[in-house]
Amino acid sequence: EAGVAQSPRYKIIEKRQSVAFWCNPISGHATLYWYQQILGQGPKLLIQFQNNGVVDDSQLPKDRFSAERLKGVDSTLKIQPAKLEDSAVYLCASSLGPGGSYEQYFGPGTRLTVT
Amino acid sequence: AQTVTQSQPEMSVQEAETVTLSCTYDTSESDYYLFWYKQPPSRQMILVIRQEAYKQQNATENRFSVNFQKAAKSFSLKISDSQLGDAAMYFCAYTGANSKLTFGKGITLSVRP
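Protein chains in written order, with our numbering: chain A, 43 to 157; chain B, 1262 to 1374.
If you are wondering where the hints come from, they were derived from the structure by calculation, not from laboratory data. Treat the numbers as computed from the prediction; the structure is a model and nothing was measured. Do not rely on the hints blindly, as some may be mistaken.
[To be verified] Taking beta-carbon pairs under 8 Å as the criterion, some of the chain B residues facing chain A (in silico):
(1) TYR1293
(2) ARG1304
(3) ASN1319
[Stated by the list, open to error] Here are the computed distance ranges between Cβ atoms for each label pair:
(4) B:THR1266 <-> A:SER143: 20 to 26 Å
(5) A:GLU127 <-> B:SER1273: 39 to 45 Å
(6) A:GLY139 <-> B:SER1371: 33 to 39 Å
Idealized CB from N, CA, C, for every residue including glycine.
Only chain A is shown next, with the shape it has when bound in the complex (with noise of 0.2 Å):
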């Protein structure tokens, strides 16, 4: 069974310019989540789809970051502008269904450093 896969793993911009992160969750999961990792700590979650609705994006800086999940598979995280503080480690994560009962599944991440 193919894992979670996300592109690209690493990404450089300057501050102020936009950026694009793909997700492809495994077949089948209902549910997709962000999470934003910086360095040192822990992850945090930014959104949460469950099929191609949004279940919480309380955390989400929606001035700058948006996130669509079309056709409930694939989904995008996007930043415009970026600033020097959003970079970070993006984890996309998908699991069966909302819930501890279902375990998340974690993709590679995408490394974004903003200069």
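Since chain A is already given, all that's left is putting chain B on it; use the hints.
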């Protein structure tokens, strides 16, 4: 709001020995899940072990076991017969009714050969 605290930033263990990683959490919910995740240097996060709050029996997965103290809101991970491949960052995490995973800051475990 729920919080997860890992107060030890790093630990070291001799190969084949046993090590315990500590975690405390705060919640007002009665039904929730607790997890330990492992993140090796390659950064792919994987689930090590899961504990359901309503289960009194501590979860075990091969060399990994937990000590779940619900009243004390404590959830420690014990790794027995430590191996070089156990070296990684370990995160304690919580999820409750809103199904949102809240992570601690993590602990870096090194294994000495």
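For this session: May I ask which of the numbered hints given earlier this structure violates, with the numbers listed in increasing order?
Result: Failing hints, ascending: 3 and 5.
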